[in-house]
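**Student:** In the order they appear, the protein sequences are chains A and P.
Residue numbers are given in our numbering: position 35 of the first sequence equals residue 35, and the series is strictly consecutive.
Residue numbers are given in our numbering: position 433 of the second sequence equals residue 433, and the series is strictly consecutive.
Honestly, the hints are just simulated from the structure, not real lab data.
Every value quoted in this text rests on a predicted model; they were computed, and no experiment measured them.
Beta carbons: idealized from backbone N, C-alpha and C, even for Gly.
Covered by chain P, according to a simulated footprint, are these stretches of chain A (three or more residues, beta-carbon under 8 Å): (1) 7-15; (2) 23-37; (3) 61-73.
Straight-line distance between alpha carbons at most 25 Å, and here's what the computed SDA-like set of lysine to any residue pairs gives: (4) K4(A) / G259(P); (5) K4(A) / Q258(P); (6) K4(A) / G335(P); (7) K284(P) / N208(P).
Here's the letter readout for the chains.
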Amino acid sequence: MPSKTPVSVLIEASPPDRFEDVVARLRAAGLEVDQVLEESGVVLGSAAPDRLPALRAVRGATVEAQRSFQHAPPDSDVQ
Amino acid sequence: MTIFGKRNGNGGTVPGPEDTEYTGRYIVLLPEGTTEQGMRSLQKAVGVKATVVRGDRPEDQPDVHTENVIFSDIGAAVVQMDPDQLRSLSVADEKGGMPFLAVEPERVVRAIGVEPGSNGFGTSLPMPLWSETALSSGALTPVQQGGAFALEGQPPMGMPLAEAASQDVTAAYLRGYRDSVVELVDRLLADGGLSVRESIAPQPRGWNESEATWGLQATGVAASRMTGRGVKVAVLDTGFGPHRDFGGRNFLTASFIQGQLVADGQGHGTHCVGVSCGFRPATKVPRYGVAYEADILVGKVLSNEGSGADGGILAGINWAVAQGAQLISMSLGAGTRPGDTYSQVYEGVARRALLRGTLIIAAAGNESRRPSVIRPVGHPANCPSIVAVAALDSALQVAWFSCGAVNPNGGEVNIAAPGVDVYSSVPLPPFYRRLSGTSMATPHVAGIAALFAQATNKNGLALWQAMARAVKRLPLNASDVGLGLVQAP
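Model the full assembly from the supplied sequences, consistent with the hints where possible.
**Tutor:** Shown next, in the form of structure tokens:
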């Protein structure tokens with residue numbers, strides 16, 4: 001089974017659509033929710049790569065694959 | 001709900017969700033073969049008497065859990081010290097002649113812990129997975145020990161102090177300390193050990209840094225009356241400390257890296273906290289910190305290996321916003337290519353943060369190789385609602401590595417700050433180091449924004465505008481330095 005892609009999702013619910021409604025649609029489309037960042041209106045989670053198009057089609061949700069970050073090694077001249 | 005913590009009567013035992021606690025004692029690492037000298041020095045400098053413990057004579061061991069002890073076989077002492085004594089130790093160390101290699105707070109380690117994920121944080125719960133801990137204050141901030149000193153994937157160090165009584169446990173306790181010290185020594189050696197001291201020496205041409213770093217002079221911070229008092233500055237990076245210059249400061253910390261505590265095993269985060277919020281040191285080093293009375297929020301979003309992902313960073317931003325931070329300093333980024341657009345998720349989060357009074361400041365990135373190659377501002381500094389900071393050298397020229405405005409629509413540089421040969425705090429001896437990068441420029445801006453917040457009582461976009469109006473214009477391209485050099489109020 002292919003590994004899941006970590007995603008971050010910005011929720012922008014337009015009334016009467018609620019935050020929870022958008023999250024429910026995301027779950028139905030294949031999102032496995034890890035964390036809900038309430039103050040920011042963001043959901044963190046993961047999904048199988050072949051579910052990403054369905055997630056991106058969810059109304060009120062902006063889905064991005066998570067990027068990774070790497071500092072330079074501690075002995076590097078530039079940080 | 002966590003509030004800014006003060007140490008309790010036991011000297012800093014502040015349990016968090018992960019049950020990290022401090023015993024109030026400190027581990028002092030001695031050079032090889034200096035047990036007797038170390039014992040005398042401890043007594044002379046801070047009035048602490050310690051009993052020598054020898055591993056080969058377990059029958060006449062003192063109670064290692066309550067007494068001050070020196071483990072002669074591993075070259076380490078465990079002693080009870082109050083903040084004044086710690087300060088005395090630091091001062092004595094500064095004067096030289098002290099045989100101590102390192103001092104770190106002793107933590108309580110429990111042999112049986114709760115497995116991550118077994119505490120009800122399931123996939124369906126809208127609950128944060130991060131841990132929150134109020135840091136106590138002290139001459140050597142007893143920050144959570146992890147980082148270089150964490151023993152991941154190994155058995156817990158030592159045994160639960162409260163339950164430790166038998167000789168067997170004492171042996172385990174000794175073994176734990178041996179492992180801890182070996183880890184610390186390995187780390188010192190891997191980092192070039194004490195020879196790192198040499199890299200501090202030269203000061204940038206044209207600047208006298210005896211009182212304050214060149215960056216604090218060039219930005220007018222050294223001459224400002226503002227201190228950042230009452231302003232909350234969040235630094236999202238590799239964690240913090242421990243470091244002796246942060247005694248008495250208000251800290252709030254959280255780790256978003258699974259299995260790692262807030263202590264900085266990399267050094268980058270401590271350097272950035274030092275620049276943005278460092279204290280005016282009492283020791284013989286120049287002032288290097290901007291908002292030296294600000295409240296410090298440390299969010300560990302990058303691991304001790306310096307790596308992380310959007311999820312942890314977004315969680316860190318969310319935490320800082322929820323805690324009411326006026327500023328978030330993010331000396332981190334991922335490179336972008338010409339034509340790339342910004343992240344809509346970060347942009348949405350940054351806009352919501354601004355509405356709640358939180359301004360996010362991020363490093364433009366170090367991917368340029370000037371003069372020939374200028375790379376675009378990285379993610380997430382390329383978001384329109386996040387301040388992108390470029391780096392200047394001590395001649396107030398654009399740093400050779402500093403990213404520039406290549407992409408439109410958010411990809412601009414907004415402001416510039418000192419980012420070459422920047423002197424600040426690091427967690428390992430000699431405890432200060434010069435580093436270069438837009439990572440070092442960013443906390444200058446965040447710290448100065450805290451001074452503006454104090455001076456003007458503004459936040460969010462209005463705070464940015466107040467700071468933007470005060471910049472020093474430079475005879476350089478706006479695509480490289482934005483509005484110009486940030487200036488303190």
